[in-house]
Amino acid sequence: MKTFLIARREALAYLTSPGAYDIVFVFTAITGYLFIDGISRPFPEATVNRYVGSITFSMVFLAPALTMRLFAEERRLGTLDLLLSSPVSDWQVVLGKYLGVLSLYALMLLATVFYAALLYWFGTPDSGPVASAYLGLFLYGAAALAVGLWTSSLTANQTVAAILGVGILVLLSITQLAAPATGGWVATVLEEASLVTRFSDMRQGVVDISDVVYYLSVITLFLFLSVRSVESKRWV
Amino acid sequence: MIEVENVSKRYGDAEAVRDVSFRVDTGEVVGFVGPNGAGKTTTMKVLACLMPPTAGIARIAGFDTVDHSADARRRLGYLPESVPLYTDMTVRQYLSYMAALRDVPKARRAERVSEVIAAVGTEEYADRRIGTLSKGFRQRVGIGQAVIHEPAVVILDEPTSGLDPAQRIEMRSLITNIGREHAVLLSSHILSEVALGCDRIVVIDRGRVVADGTLPEITAAAGLAEGSSTESVFLALTGTGERAEP
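In order, the protein sequence lines correspond to chains E and R.
Position one of the first sequence corresponds to residue 1 (our numbering), numbered consecutively onward.
Position one of the second sequence corresponds to residue 1001 (our numbering), numbered consecutively onward.
None of these hints come from the bench; they were simulated from the model.
Zero decoy hints are in this set.
What the simulated footprint calls covered on chain E by chain R, stretch by stretch (three residues with Cβ under 8 angstroms from a Cβ of chain R suffice, anywhere in the stretch; the number is not a length):
1. 9-18
2. 81-91
Derived BS3-like pairs (lysine-lysine); straight-line CA-CA distance at most 30 angstroms:
3. K2/E with K1106/R
4. K2/E with K233/E
5. K1135/R with K233/E
What follows is a list of derived Cβ distance ranges for each label pair:
6. T1054/R with G183/E: 47 to 53 angstroms
7. W91/E with E1111/R: 28 to 34 angstroms
8. F4/E with G1121/R: 29 to 35 angstroms
9. I1169/R with F25/E: 46 to 52 angstroms
10. F4/E with E1181/R: 27 to 33 angstroms
C-beta atoms are modelled at their ideal positions from N, C-alpha and C, and glycine is treated no differently.
This is chain R alone, in the form it adopts within the complex:
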């Protein structure tokens, strides 16, 4: 379960996130949508215990990300936007290293790594160096490391960006599967991308949550008729125009 209560994050004078609140329950996949620079990555970094909020509280499975950071991190799987991986390791080496760092018992490690390799569909490449894999497969390995320790909470920052349509569909079903046992929060700057696979959508713009609900609910919140295109809902909620990343 993810709980975000009145979280604000300020970088110097710039306020990246303002008074953001939402929650994600176990068994739920929630899409976190907003234009570039809206504060998605900042919110996710706060949840990943990488930085404390300036104000407000974020909890992972009930543990405060600041005061009980170690307990929170033990229950957290996180995939940053750039999909950082150690390119000199093979998929199997990398996943078993991550499993060990995240307290998967030694007796269970090899078995769990094989399970995850199968679950993310990388059996063929299990013993290849990550540096030689294509972007799509790296993304799968990235998701693999996020679920290797069976965390209560999984946070995925733009997991489908840079993938081709077939890969996106596969990624979506992968994430839906993960969502059965975990609380999943995934971000995207494209509403249609998350409208399909997610139970609920939180829309963020200029650091504030502007809508939270199912697609019909946020369509209504945008003041549009049901069945309106996802683009028009997105634009109505966030307005247009480019903004710089904080």
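Same shape as in the complex, but just chain E:
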């Protein structure tokens, strides 16, 4: 119950902060531009395949921008002390903040459904890949936000939190590039650990349970690390 209370407070804080509108503006500008680019080429296809890439690309930078305030700002302002001296568990605080930012991301994704609607209006896209791509986008974004939440919990400096988050997300997006240079199980790990490789099946219309499990694992891992980080503040 308190988890949802905190989630609601965080979601409302985004809606009243200019920073969040900046981020949503940049997000819709990038995805909108690449959508137009995709359909204005010769022989356009009625597929979401082109613009979904712009969403995953922009979330590498925008997810940490969204999450950086969640803990870092509260820590700097001292409001975190009030939260932590209230009868609220560390899990409730972390999950609440996470659900708050996740609901904003869901709204952002919802805005891009407009592009898909245009495809349906002017063409006949295959609905399977559209649905699987959106499932993938949601999971991908959710994982990126969990990473950002964790980096925000590490510091009182929002800039440091954002840069660290972008760094981790970029690394997690390019691990597969090093795979060919290595071999054996290392190559497999590098290939499978990539946030991007996991998403590429889904944008083609394939929902592999292992991909879903992968994203859920990343989310769980970083939420767990966030709880640990908040807990550790009590033990300094």
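On the provided structure of chain E, position chain R as indicated by the hints.
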């Protein structure tokens, strides 16, 4: 009731608080006085369950701040030194959020929030965003959140710092009112500030309690004649000189 038994807190090699013991009973307002860097905020953070003591035990209403932290926090109202508030919320939104986080039943929440808004004298600004309020009013909202759930224990870290004289007087009567039903511990680095409103004074210096009692009692402990100025009592008990915050 607040019980502090032989609490020490060490940050690396620096010992911020050494073997501190005192208690505050229900219905009592106790002033916690010492120079900057004496260990007041550290002790209060230990009491607020924000960090465990290196040694010793702190209890809020009988609950250990480490082993029964959740029970202790349910009975605790705390105002940190910097008066942290969510500036994007209105006074009413903020207080009702805090009330919900601290288990005030939903049916009673709106009524309790209005009560507290009246008690701390912020009716006029109830629906204004906290970010637009002056320091004095923010301080009142800060005290409001500390008592919103009618906790057994209220801990206020420098509640009067940065206020003008009229605001200080109002704050004092506000705290005296709170003290009727709660155990209140409030800190200050100015003895005269707490001498008026508090039933008892605990003086801390360099991490140790150097005096504990009523103003006449601590004046005697300082080896001074009754009626000596609060400044001279403070200086006699703590010595002079600046020290860095740990």
